[in-house]
Amino acid sequence: MNASTSLRNGWQKVFGAGAKSERPPPGDTSHGTILYLEDISVSFDGFKALNALTLYIDAGELRCIIGPNGAGKTTMMDVITGKTRPDAGSAWFGQNTDLLTLTEPQIAEAGIGRKFQKPTVFEQHTVMENLELAVAGNKAIWSTLASPLDSRQRTHIEEVLETVCLQDRRDMRAGMLSHGQKQWLEIGMLLAQQPQLLLVDEPVAGMTPQEVERTAELLLSLAGKHSVMVVEHDMDFVRSIARKVTVLHEGHVLAEGSIDEVQNDPRVVEVYLGE
Amino acid sequence: MHNKFGKLRGLGKLAVAVALMAASAAHAADTIKVGVLHSLSGTMAISETTLKDTVLMLIEEQNKRGGVLGKKLEPVVVDPASNWPLFAEKAEQLLVKDKVSVVFGCWTSVSRKSVLPVFEKNNGLLFYPVQYEGEESSKNVFYTGAAPNQQAIPAVDYLMNDVGVKRWVLAGTDYVYPRTTNKILEAYLKSKGVKDEDIMINYTPFGHSNWQRIVADIKKFGSAGKKTGVVSTINGDANVPFYKELGNQKISAEDIPVVAFSVGEEELSGIDTKPLVGHLAAWNYFMSVDTPENAGFIKKWRAFIKNDKRVTNDPMEAHVIGFNMWVKAVEKANSTEVNKVIDAMVGIEVPNLTGGVARMLPNHHLTKPVLIGEVRADGQFDTVWQTEGLVPGDAWSDFLPGSKDIEADWVSLKCGNYNTKTKKCSGQNYE
Amino acid sequence: MQTSASSNLWTRLIAGERGTQVFLALLLTVGVAVPILHLAFPEGSSLHLSTYTVTLIGKYMTYALLAIAVDLVWGYCGILSLGHAAFFALGGYAMGMYLMRQIGTRGVYGDLVLPDFMVFLNWKELPWFWYGFDMFWFAAVMVVIVPGLLALAFGWLAFRSRVTGVYLSIITQALTYALMLAFFRNDMGFGGNNGLTDFKEIVGADINASGTRVALFLASALALALGYLACRYITLSRAGRVVQAIRDAESRTRFIGYRVESYKLWVFAFSAVLAGIAGALYVPQVGIINPSEFQPINSIEVVIWVAVGGRGTLYGAVAGAVLVNYAKTYFTAALPELWLYALGTMFVIVTLFLPRGVVGLADRLTPRQRVEQAVTA
Amino acid sequence: MKLLGCMMSSIPGVRPGSLLLVLLLAALSHCVAASEAPSFEQALGALATSNFKQKERAAGELVGVRHANTRAVLDALLEGNLYYRKADKRVFIAVTQEAGLELRDALTLQSAGTADAADFSKITTNNQLRKTLRSALASFDLTDPDAQVRLGAVNEMLRSLDADSVSILRARERDEKDESVRQAIRTGLAIADLNHEDAARRLSAVEQLKGSLNPEVFNRLTALVSTSDDGSYTEPDAKVRSAARAALAGIENSRSFYSMLETLFFGLSLGSVLVLAAIGLAITFGVMGVINMAHGELMMLGAYTTYVVQLIMPQHIGASVLVAIPVAFVVAGGVGVLIERGVVRFLYGRPLETLLATFGVSLVLQQIVRDIFTANNRPVETPSWMSGSLQINEAFSITYNRLYVVLFMLIVFVILQWVLKKTSLGLKVRAVAQNRAMAKSMGVRTEWVDALTFGLGSGIAGVAGVALSQLTNVGPNLGQAYIIDSFMVVVFGGVGNLWGTLIGGMSLGVVNQFLEPHAGAVLAKILVLIALILFIQRRPRGLFPQLGRAAEG
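Chains as they are written, first to last, in our numbering: chain C, 77 to 351; chain D, 103 to 533; chain A, 2 to 378; chain V, 211 to 763.
Chain C on its own, in the form it takes in the complex:
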């Protein structure tokens, strides 16, 4: 990229000029695969967080990613959402969107939503406002400044509220919600964005068994319409939702398959149970 185009891009990024024309197209899944990660490597301070990681997610799939601490799960999500740039490798969303050239908001607009490990909702805003912030639509400054939401967006928010069971909490400040409710609100925000691919990091950490059960139902109901990638430690939970499981270890894929296959893989056993 030469200097003048980089300058122009920077200008557009900031001023939002041409934001519409520049908005990346949604992932083209005509080949049945929504996410391609190929040979991704990331290193911090000489430590290889990701080591030639290759991973594909199919459209409509619900995929669980497991792996011990430091296996590179969060870093992988950072790469997909544009927070961290890999040293090597390629990352494509569908066949037509090169994730490595996009910024975080562009990736979000392209249709990848992310739920963080620690629930990060906007605590000072109400539940309703959180969803309004997230809802799909024109997110350029002039539009948010001048026009309220349209009726289609409102209807969508109502649907999401229902999905995550927060209808009667709509005017409560998000900071006042219980831990589980925050997790759901965050998932709700993901849904409001209407993404093609959801990245969900440890959705049930700190939840009561009932909440876990409902979260599992929720995620299962999402699969098919969306592609979902769940990172989780809780093996019971993984068992309850997983169709296909990928095991990460030291920055690359150690094993992949159904939950039973993976659990019986000697390499996985070794990694989890120690030498």
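Don't take every hint at face value.
As the list claims (entries may be wrong) - One-sided excerpt, in silico: chain A residues whose CB lies under 7 Å from chain C: (1) R163; (2) A240; (3) V243; (4) A246; (5) A250; (6) R255; (7) I257; (8) R260; (9) Y264; (10) W267.
Stated by the list, open to error - Cross-link-like lysine-lysine pairs, in silico, DSS-like; alpha carbons within 30 Å at most: (11) V:K632 - C:K124; (12) D:K434 - D:K199; (13) D:K408 - V:K632.
Hint data in this document are derived by calculation from the structure and do not stem from the laboratory.
In this text, a Cβ means the ideal position worked out from N, Cα and C, and glycines have one as well.
Starting from the known structure of chain C, arrange chains D, A and V on it as the hints suggest.
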């Protein structure tokens, strides 16, 4: 219940305040109010607090003598906090709210410029006690400090004639006083046949502390085989590191003397004087001058301030002269009304502390003796040179192209900036 | 509650918040009462307000506008700008340059074009950047454009490369410090340390006349009201919610698809423009603008006004500005040596114990249904 | 010769230059006072005046009469110990004592008891008179047995060299045995030879001077190759001119080399000040994430500590600065711990709040200092071992105070690195900085470590204040002048990285000093600030960013 009490108490306070105000108003009728407009906090407090105390001492003394026109003087002290817009605000407060008859105040030029429109608009009376760049003469202001021709030009004459300086460094802090003074000096030196390459001009910011480069340049400039002198209009805090650097780079006063216009006894009392010894300062007053008036003043000052180590300096003398002149003028006019006092002021004479008589000129400046002193290790000055007689202050410099045709005369011309070429008095027509 | 979205804009701006109502009512009262007390009652009457008081209140209003500007970027967007006094001063300088040109031949040297300080420093002609300032409309445009453009340029560089938090605060300090040094230089052509002063008239009226003072006072009150309502509108809009979301969780906001940089940039620039307007109204009332307005400490002080009043509420910022400045006026007159102790302790106490300022304290002492929560636009 | 000297000494109003000649002639030729010349007593009496011209003349006459007491009187005059009694204008050498003046009669050098100072007037000197006196006293030293003294005397004479003094030097050259003194005399003679009417002599003088960095040599050579107003050369001989040009080119080369070295040193010394000011901040800000706006005031406390230490030990100024270093560390460090315990500890993880609260603290500290020491600057003396400069050659010298500051900064830096890298405190500090909760669970008393870390950073600020007291004003505003610069250095170098601070500070200093000759002091500073702002926007984490996950987010 609680609330009601609160309200009652508030009302009570209000009543007391009103009563107090009424009382002070009644009291005010018997006194003449004297405003003191000097910064008591902020960067200028160092210099200006002393002047506030000087005025308070003068007022106390005058009251012991029975006041003025049979009335006691009542000081009104405000703190403009070294903040220039605040100077204007406080000046307006003094003139409009407190209705003072006269104000003694300001130090920096910018503070004077800030209050000038206020004094002109409200027809107040200001005595300004500090040496300044000139280029001003207001009907409402009396300038009791030195104009450039009462400090800078005699100092250069001394260096040129008595020390034999041929090469000149004009070093100053980058603000209006050094800029103007150096412009005047540059023109003056050129009129005396000094060539461009023998003049080096340098400006530094306020509080400059890294003088290595500039002192090294001065040293190089001074090694060209001709006697070199430095005329310093460096301000306040920047002086100590400057002189230290001179000392460390082994530039002695014997080789390259520095004559300063902003280094006085008060400033020297706060620094290690070793590197300054032998360097020069030009003022209209030195504490070390041995006259009975001065000895008496120092004694009174030390008694008033309750510190027998306190020093006196040039702006203090300016306030003494200004104050005494105002008292005389009020007595002459038999009124404190500003217009009458202004008319009475011109021609008033009071003795200087260093001998001779200060006379108020029609341009609202004074006649002054000019003294050159060398810094001693104890922070005092040895007078090494003195003008023969008194030098009349010149509001408009003859050495600046913009102002050489301008004249100030509040008696015959009734104008502070009469242009002798165009025969016009611009701007300051207040009638 | 969604019905309120379609309801009248004015009710939306005003009805939602008790503090706003109180503020606007007070402003209206003061705006009407002060000119009446000044003009209708003769001097000497106990009800008469002197020009001095009118100007003083007008000055407080410009401070309040500046405080709102800082509150918008800091309280709402989380950008702690320690350089807002620079925008204030730039607006002031633009106005000051206009006022200088208006002096014309009434300067002491009687030069039609050159301001006095240029004449005695031997400037031969007017520097190019002084052109146009003899026209009020041009100066008025510059009051908006100069701070706005500087904020855009600075913000574009800073936000694009994600300079945030403390780093941003420090470089905003460096910005105002560099500007201060630059304006102190006489070679810059802005009058150096003395700055611009001795103004004579503004749009044809004598700047010292009491009628002009009242007009300036009214202009300040109007600017404060409009600035307040504009900020209120922004904070209530969806964009305002995005801005607050950025304050609370910047990268989260980015992940749901907002161009955080451009939001920050526009808020920053708008706030700089408000500060510039405040500066432009400040200068003709105090009669001088000089480089010490750029002092880094001034910017920090504005932040303190906002912190004391209560950041994140616009009326809190106003209350803080008035409160601290009144305290300053009082203390510097009555107990000058105590002023710094008072100010310093105030900083510490407010940051440690009153994170939401006196407004927050007042709220806590008088528990009340938080009205604004009920209203969601 | 004799006659000339004695005659001239009686000519009124002789110029200082020729007065020197008179003095020297007198010294060398044992001129006996002619009958019309004044006696020692008369000359001494003539000193009792306030007129400097008359004093100069009287001093010349004193030398002329060559009285045994001349030297003692002139020394006293130079030292400011010469007085006259107002009543009878009798001259005394006097020392100020508690009881008054302790007198010695200048005529006889006999003790004359003590007397009230009010009855006496000091015989003051001015710069010209002192310079003349020093030259005159140098003439006494030209025959001193100590070669060092003779060298000093020759150099003193070279300060004001004129045609007449040259002949005296030439006479001395024959008797001079010491090589370095002879060398100094020869340089002087060669400079004089540049004006010789014989072209060959001029040529050889040019040859002899070609490596010299003496500024006088440069001036004279420049004069040789310059043209006068009508376009003709001042030097008629082309050979001499070309030799002079070659010599000048060589001198200019080495002069510009040394001036570059000088600028580099200026830059390094400015950089050292910046590093000293910033390095404490690098700890509190870089390691703890606290924006300590009171950092500058802690430096101010260090500087005031130096002042107080000097008040306590006025007899040992030389040692006082060294004593002040640990004391300042303890004082500023103690105040730092108080600030940490009282304010900062409630605000961890909220850097912007620490900024505001510590700014409040800084205002309070300033006012406290104002109330204790007044708003005036306080005089901190520079010990003699820190004054003056190290003369490398005639074109390049290094001032001692700056040199010591550079060394001092390096020592502080090394000690700090050692503390952080090798001691258990350092280990704990780093552990807490990286993962507070983990460190706590491993039994590190994090509160204690926080307080000590903050105290360490503050103590270093105090130590920096000691250095600053030797360079600039000690006043309540001292801290404010450095706070922005310090933050810029830390941010520029990379937060949390002491090496970054070191290299950042040094490079800022050097860049500033290389810009200053071209742009001027103010513009140089503005340019550096703008460059810094732009740099931080290109590399928000500074020169040496902390790497890894910890730095993210």
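Results for each hint:
At a threshold of 7 Å, the smallest CB-CB gap from A:R163 to chain C is about 11 Å, leaving the interface hint violated. The beta carbon of A:A240 comes within 4 Å of a beta carbon in chain C, closer than 7 Å, and the hint placing it at the interface holds. Checking A:V243 against chain C by beta carbon gives a least distance of about 6 Å; that is within 7 Å, so the hint holds. Proximity of A:A246 to chain C holds as hinted, the smallest CB-CB distance being about 5 Å (cut-off 7 Å).
At its closest, the beta carbon of A:A250 sits 5 Å from a beta carbon of chain C; the interface hint therefore holds under the 7 Å criterion. Against a cut-off of 7 Å between C-beta atoms, the interface hint on A:R255 holds, since the closest Cβ of chain C lies about 4 Å away. For A:I257, the shortest C-beta to C-beta distance to chain C is roughly 5 Å, which falls under 7 Å, so the interface hint holds. The beta carbon of A:R260 comes within 5 Å of a beta carbon in chain C, closer than 7 Å, and the hint placing it at the interface holds.
For A:Y264, the interface hint holds, since its Cβ comes within 7 Å of a Cβ in chain C; the closest pair sits about 6 Å apart. This hint holds: A:W267 has a C-beta 6 Å from the nearest C-beta of chain C, less than the 7 Å allowed. Distance hint between V:K632 and C:K124 is fulfilled; the C-alpha atoms sit about 28 Å from each other, no more than 30 Å. The hinted pair formed by D:K434 and D:K199 meets the criterion: a straight-line CA distance of about 27 Å does not exceed 30 Å.
A threshold of 30 Å between alpha carbons decides the hint, and for D:K408 with V:K632 the separation of about 56 Å lies outside it, so the pair is violated.
Comparing the model with each earlier hint shows violations of hints 1, 13; every other hint is respected.
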